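Participant: Protein chains in written order, with our numbering: chain S, 7 to 65; chain L, 82 to 367.
These are calculated hints, taken from the structure and not from any lab test.
Watch out, some of these pointers could steer you wrong.
[Said to hold, decoys possible] No farther apart than 25 Å at their CA atoms in a straight line, the calculated lysine-lysine pairs in the BS3-like style are these: (1) L:162 x L:350; (2) S:54 x L:116; (3) L:301 x L:312; (4) S:50 x L:116; (5) S:46 x L:312; (6) S:10 x S:50; (7) L:97 x S:50; (8) L:363 x L:97; (9) L:158 x L:363; (10) L:106 x S:46; (11) L:97 x L:328; (12) L:116 x L:97; (13) L:127 x L:109; (14) S:46 x L:102; (15) L:204 x L:162; (16) L:328 x S:46; (17) L:366 x L:312; (18) L:97 x S:10; (19) L:116 x L:204; (20) S:46 x L:97; (21) L:328 x L:366; (22) L:97 x L:162; (23) L:97 x L:366; (24) L:109 x L:366; (25) L:162 x S:54; (26) L:162 x L:116; (27) L:301 x L:366; (28) L:309 x L:328.
[Claimed, not checked] Residues from chain S that keep clear of chain L, each with C-beta distances beyond 10 Å, as calculated: (29) 7; (30) 10; (31) 15; (32) 27; (33) 39.
[As the list claims (entries may be wrong)] Across the chosen pairs, the derived CB separations fall in these ranges: (34) S:24 x L:228: 17 to 27 Å; (35) S:23 x L:283: 29 to 39 Å; (36) L:150 x S:45: 21 to 31 Å; (37) S:17 x L:111: 46 to 56 Å; (38) S:7 x L:191: 50 to 60 Å; (39) L:258 x S:17: 46 to 56 Å; (40) L:94 x S:60: 18 to 28 Å.
As the structure is a computational prediction, the values presented were derived from the model and not from experiment.
Ideal placement from N, C-alpha and C gives every residue a C-beta, glycine not left out.
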Amino acid sequence: MTSKVECQECGADINVPEDAVTGEIVTCPDCGGDFEIASKGGDKVELKPAETVGEDWGQ
Amino acid sequence: MVELSIIYDKVRFEEKVLYEKAQSKGLKAQIIDAKTLTVSTASRKKDFSFGDVVMQRSVSHYRGLYITACLEHLGFKVINKFKVAETCGNKLITSLVLAENNVPTPRTQFAFSAEGALETINKAGFPLVLKPIVGSWGRGVFPLRDEETAGMVVEMREEDDSPLARIYYVQEMIDRPPRDMRCIVVGNTLVTAIYRYSAENEFRTNVARGGKAELAPITKELEDLALKAAKAVGGGILGVDMMEDKKRGLIVHEVNNTVEFHGAASVSKSDIPGAMIDYVVKLAKK
Chain S
7 MTSKVECQEC GADINVPEDA VTGEIVTCPD CGGDFEIASK GGDKVELKPA
57 ETVGEDWGQ
Chain L
82 MVELSIIYDK VRFEEKVLYE KAQSKGLKAQ IIDAKTLTVS TASRKKDFSF
132 GDVVMQRSVS HYRGLYITAC LEHLGFKVIN KFKVAETCGN KLITSLVLAE
182 NNVPTPRTQF AFSAEGALET INKAGFPLVL KPIVGSWGRG VFPLRDEETA
232 GMVVEMREED DSPLARIYYV QEMIDRPPRD MRCIVVGNTL VTAIYRYSAE
282 NEFRTNVARG GKAELAPITK ELEDLALKAA KAVGGGILGV DMMEDKKRGL
332 IVHEVNNTVE FHGAASVSKS DIPGAMIDYV VKLAKK
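Could you build all of it, start to finish, from the sequences and the hints given here?
Facilitator: And the structure:
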């Protein structure tokens, strides 16, 4: 089941898919803020602000 | 049972499928957030429950590189090795290693100041491509088609605070179709190869820039060259990028250390993460 988590920036609902795992990035549909899934257990999902893309990111 | 740790700092498609594949193949797998790791000179291998083998999958090159250095110091087997990551993470070093090993690669010139860069550029003649020596997803890659643009780009580089911005990597622009090739090499096997087509109004072919993937036939020439390039940088799990020069044939321009294969997996029939996990198991048992 998709979990709904409140956006830390704007308060909108962010949908976190059931198969999402810790470390994945979710984006707020309203403000576009990126958040990393800090922990996930059952329906309880905790988010933290995602890192901004660094100059050395990617391959 | 083989125990595998996958180090990540952001879980992408690749880390997710590798974790799932490891579990489905019966490995005891865990994912470790690179951002929460700390190591010291007093650390010992037994302080970390990382199992038999570690896959370094950090999206940040330097974070991954230095964590790998620490883990190898502690005695962990890490894929890829520090030396491989160090070579592949730097385009200048990669070019030198490819040339030393007689792997066909674009003619590239290096300069170490703005003056040197402009002299090199003007001597080489246009068109050229200026690339940052560290960086990915096509960031900071500029096509240079005339003297005026070159002067402006070099001036812009001089404004950049990064010391690496003073190192100029100037490459010939290859006369090629509007695509390049990404070859996924795992150990001594070329698992799959794809063409990456540039998006509209874009000369870079990176999937991260909207490039589109299409399955490429694996020829003997392609396989031999991909394996030779992978071996030259030290081997492991690698993405060998090639261009099809209209005169010289296949040439290798880059080898990627923390290879992204989302584009390749979307068109390939090969089990890419499966091949990677099988390689990990083999290494763990060595």
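Participant: Indicate, hint by hint, whether the structure satisfies it.
Facilitator: Comparing the hints with the structure gives:
| no. | hint | verdict |
| --- | --- | --- |
| 1 | L:162 x L:350 | violated, 28 Å |
| 2 | S:54 x L:116 | holds, 13 Å |
| 3 | L:301 x L:312 | holds, 16 Å |
| 4 | S:50 x L:116 | holds, 22 Å |
| 5 | S:46 x L:312 | violated, 40 Å |
| 6 | S:10 x S:50 | holds, 9 Å |
| 7 | L:97 x S:50 | holds, 20 Å |
| 8 | L:363 x L:97 | holds, 21 Å |
| 9 | L:158 x L:363 | holds, 12 Å |
| 10 | L:106 x S:46 | holds, 24 Å |
| 11 | L:97 x L:328 | violated, 41 Å |
| 12 | L:116 x L:97 | holds, 17 Å |
| 13 | L:127 x L:109 | holds, 18 Å |
| 14 | S:46 x L:102 | holds, 20 Å |
| 15 | L:204 x L:162 | violated, 38 Å |
| 16 | L:328 x S:46 | violated, 54 Å |
| 17 | L:366 x L:312 | holds, 21 Å |
| 18 | L:97 x S:10 | holds, 21 Å |
| 19 | L:116 x L:204 | violated, 45 Å |
| 20 | S:46 x L:97 | holds, 15 Å |
| 21 | L:328 x L:366 | violated, 45 Å |
| 22 | L:97 x L:162 | holds, 21 Å |
| 23 | L:97 x L:366 | holds, 24 Å |
| 24 | L:109 x L:366 | holds, 14 Å |
| 25 | L:162 x S:54 | violated, 31 Å |
| 26 | L:162 x L:116 | holds, 20 Å |
| 27 | L:301 x L:366 | violated, 30 Å |
| 28 | L:309 x L:328 | holds, 21 Å |
| 29 | 7 | holds, 19 Å |
| 30 | 10 | holds, 20 Å |
| 31 | 15 | holds, 19 Å |
| 32 | 27 | violated, 6 Å |
| 33 | 39 | holds, 15 Å |
| 34 | S:24 x L:228: 17 to 27 Å | violated, 57 Å |
| 35 | S:23 x L:283: 29 to 39 Å | holds, 30 Å |
| 36 | L:150 x S:45: 21 to 31 Å | holds, 29 Å |
| 37 | S:17 x L:111: 46 to 56 Å | violated, 34 Å |
| 38 | S:7 x L:191: 50 to 60 Å | holds, 55 Å |
| 39 | L:258 x S:17: 46 to 56 Å | holds, 49 Å |
| 40 | L:94 x S:60: 18 to 28 Å | holds, 19 Å |
In this structure, the hints that do not hold are numbers 1, 5, 11, 15, 16, 19, 21, 25, 27, 32, 34, 37, in rising order.
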